[in-house]
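*Asks:* Listed here are the chains, written in short residue letters.
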Amino acid sequence: MITEWQRWRRWRPVLLGMAFALTVVLSNCGRSPNATNSPQANSPASGEQTALVFGLGGEPANLEPGNITDNNSIYVHEQIYDRLINFQPGTTELEPGLATEWSASDDGLTWTFTLREGVTFHDGTPFNAEAVKTNVERWWDPASPTGYRDAGRGYEIWPGLFGGFKGDEASTVQAVNAVDDTTIEFVLNQPFAAFPAAIGSGYFGIASPAAIEEAGTAYGTAGSTAVGTGPYTLQEWRSGDRIILAANPDYWGEAPQEEQLVVRFITDPSARLAELRAGAIDFTVELAPDQMPEIRSDSNLEPVLRESLNVGYFALNTSYEPLADARVRRAIALAINREEIVEAFWGDLGQTDPHFLPPSMDNFNDKSLSAYEYNPDEAKQLLAEAGYANGFPLELWYMPVSRPYFPTPKPIAEAFAADLSEIGITITFNTKDWATYIEDSKKAPGYQSFMLGWTGDYGDPDNFYYYHFGPGGTSDLGNWKNDRVIQLLNEARATDDQGERETMYAEVDKILYDEVVRIPIVHSQPLLAQRTNISGWQPSPLGSEPFNLISKD
Amino acid sequence: MDSLSPEKTIQGQAQATTLRRVYQQFLKSLSGKIGLFLSVALGLLALLAPLIRPYNAATARDFSSRLAPPGLEHLLGADGLGRDILTLIIYGLRISLVVSLVSVGLGLVVGTSLGLVAGYFRGWLDILIGWLTDILLAFPPILLAIALVTVAGSSLQSVIIAVGVIQIPIFIRLTRSMVLSLREQEFIQTVRAFGAKPGRIIFYHILPASLAPLIVQATLSLGTATLESAGLGFLGLGAQPPTPELGTMLSDSFRSGYSLSSPWTIVFPGLMITLVVLAFNLLGDGLRDSLDPRLNR
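So the protein lines, in turn, are chains Y and L. Mapping the first sequence onto our numbering, position 492 (from 1) lands on 492, and the numbers just tick up by one. Mapping the second sequence onto our numbering, position 247 (from 1) lands on 1247, and the numbers just tick up by one.
Excised from the complex, chain Y in its bound form (with noise of 0.2 Å):
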């Protein structure tokens, strides 16, 4: 773009003025694939094989697993690493990973899991025992010597969900055994009865040890090696552009479809529609639902809907001073028309409700709450109670990507601080670089208030609360802390009866009701895409799942 705005520079400006509107309106119809992708994209080695295209929302932060949060490196991952514990395609149920079986001792404090035989990493070296060990060490234990801890890796999704790492108090996990080749044994501090699931998520897939040595601090980002036992291999990470992946033809699960996948980074939901119109592409996530008209016209395309389990937030920072006050945090909720803004931006794709917990969790939820309704004199009322009757200015910071829960995060965000300053807090809009803004809104002070959200990683209400309100959840929120909150969230983890459960998540639901430190906005139904030649594709309601089984005709 800027070598042709140089190039353009010496026409006369009139031209220019034209040019500008033009190529605007006409990138966008993306009607000529040349006109949006470089020549060498949608034909690699031209041939006999076949590549699968996929337009993901933004480039991933590393392929390292364990040191990741966000699902655009997750969804790389996937095709790369394989879990001890794998999810039904397009349910939220366990099967059978890289472990085929796995108990807990009766006291619930031993996860004995038992390892798949004949499996080998991309790299030839052999899964085992030792290898599980190594990598979840690396995630761990402060002291792994392959964590290169020093090199600046956080780890940060660890604490996140196992409350701290070896040597922490709250830390879930005491011990890590491999008893003998092909069984590894977890002993916990306390039980924990989703165990299985959580080390099932995502983000923690197992690495070739070999592999990590072998590239060190290098491993896992653009330019070095991932390497992992999935149905996928890592060819080539393009910087800024694409991921190159070709089958794995040893894949000891069900054979990849086709030959090669390429994931190529295109942040805008309005360029990845075009390439997926244009063919460029052939199947894509993180549409925003404005765009299902678009979607239903094109006879090439069909649209496909991700069962909803996530929640949109917007999060209030206590440590801001006006923001300590519950007053006022209520007075934001019920400034705030939620109802209005999820039917104009969401419509069908989006319902919002008064708890955290998406709504294929209700059971957990307490079902007397009754949401904020949008009230601005009540609000009025209670900021001048709080001794903010006229107000104050408030930093507002919108994601620059769009995901699943906000898939247009800066109108929406325009249109809580239009609904904002009618009770006279003004607004200013900031927003930095994806990875950026996630890693600042940890850092004390944090936002003043943020939008966000959570897709779940696996289907029990402890993966929203746990890492949103744990121990180690709130250093967004100025560190606020609720002990009871804590209290509940630890007791339901070591329990298995459903009704206690239920009753404990009710609890919570209810103080963080009364609380309104991360306003839930919207449940939302993330809108995907595909070309019509493309099937097999099941999207998880977890958020992201391995590609092995689609095919392209």
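For the record, the hints were derived by calculation from the structure and aren't laboratory data. There's no promise every hint is true.
So the derived list for chain Y, only partly shown, Cβ under 10 Å to chain L, looks like this [to be verified]: (1) G108; (2) A271; (3) L287; (4) A344; (5) S421; (6) E422; (7) N430; (8) W434.
Cβ atoms here follow ideal geometry from the backbone N, Cα and C, with glycine treated the same way.
Starting from the known structure of chain Y, arrange chain L on it as the hints suggest.
*Replies:* Same frame as chain Y, but now just chain L:
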């Protein structure tokens, strides 16, 4: 003092004749007339916006008319928040005109001053300013603007400064070349022989004589400045929401995925940008036709 008054009178008379000639020439230029008309019309529209369409950017939204197509209620349709596109582009025009006028003003004043100094005094000052010009010209203008806005933080002020800075070298070069030829001419030599101080020579004699090309260049620069500020807005730099900005409107429509299903959200802001640039360029053309002595008969 007395000795200078005849000089002034002669100059005054000369100016009056020149103005009359310029005016007649300008009337002969069709593009000039169209440009002048468009510029005045757009200027008035921007000035009177609050009277024509009262609007509060902070609280404006109306989801019931979200993405409404052009019609009686919304002449040019409505955007993703249900805001009237016509209103938005009129206010966007205001912002756009302010940015281009102020930034070109900045570029003109700074660039011309440096050019005058460099051209008149020569020597190490000229070399220094020459280097500065070269450095500024070495960067593609939009890249330099992006860098400046990124450093200064996204706001309307930083866009004005960034767009202003990238105009500076053009004015330095233009002025310096004018000064170089003027300072050797007889009327300047004469004034110098009378013992006039450099300040007086520069501001009373050289500057007025080099005004014509500067005016033409400034008018043309208004067009580029409009485009550059819209370009920055499109890239997400510059005026932050809810300030309506034409370039930002384009990218909002594009990024939100409804530019194709609701084309009015992108076409009309684009047309407004085109119209502004067209107006300034036609006006600039007309001015050049009438001001440039080499083009006269």
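*Asks:* All hints, please: hold or fail.
*Replies:* Consistency of the hints with the structure:
With its C-beta approaching chain L no nearer than about 47 Å, Y:G108 sits outside the 10 Å limit, and its interface hint is violated. Of the supplied interface hints, the one on Y:A271 holds, with its beta-carbon coming within about 8 Å of a beta-carbon of chain L, less than 10 Å. Given hint, Y:L287 at the interface with chain L, holds; its Cβ is 7 Å from that chain's nearest Cβ, closer than 10 Å. Interface hint status for Y:A344: upheld, as the beta-carbon distance to the closest one in chain L is roughly 4 Å, under 10 Å.
Checking Y:S421 against chain L: minimum C-beta separation of about 4 Å stays under 10 Å; hint holds. For Y:E422, the interface hint holds, since its Cβ comes within 10 Å of a Cβ in chain L; the closest pair sits about 6 Å apart. Evaluation of the Y:N430 hint against chain L yields a held restraint, the C-beta minimum of about 8 Å falling below 10 Å. Violation of the interface hint for Y:W434 is found here, the shortest Cβ-Cβ separation to chain L being roughly 13 Å, above the 10 Å cut-off.
Taken one by one, the earlier hints fail for this structure at numbers 1 and 8, listed in ascending order.
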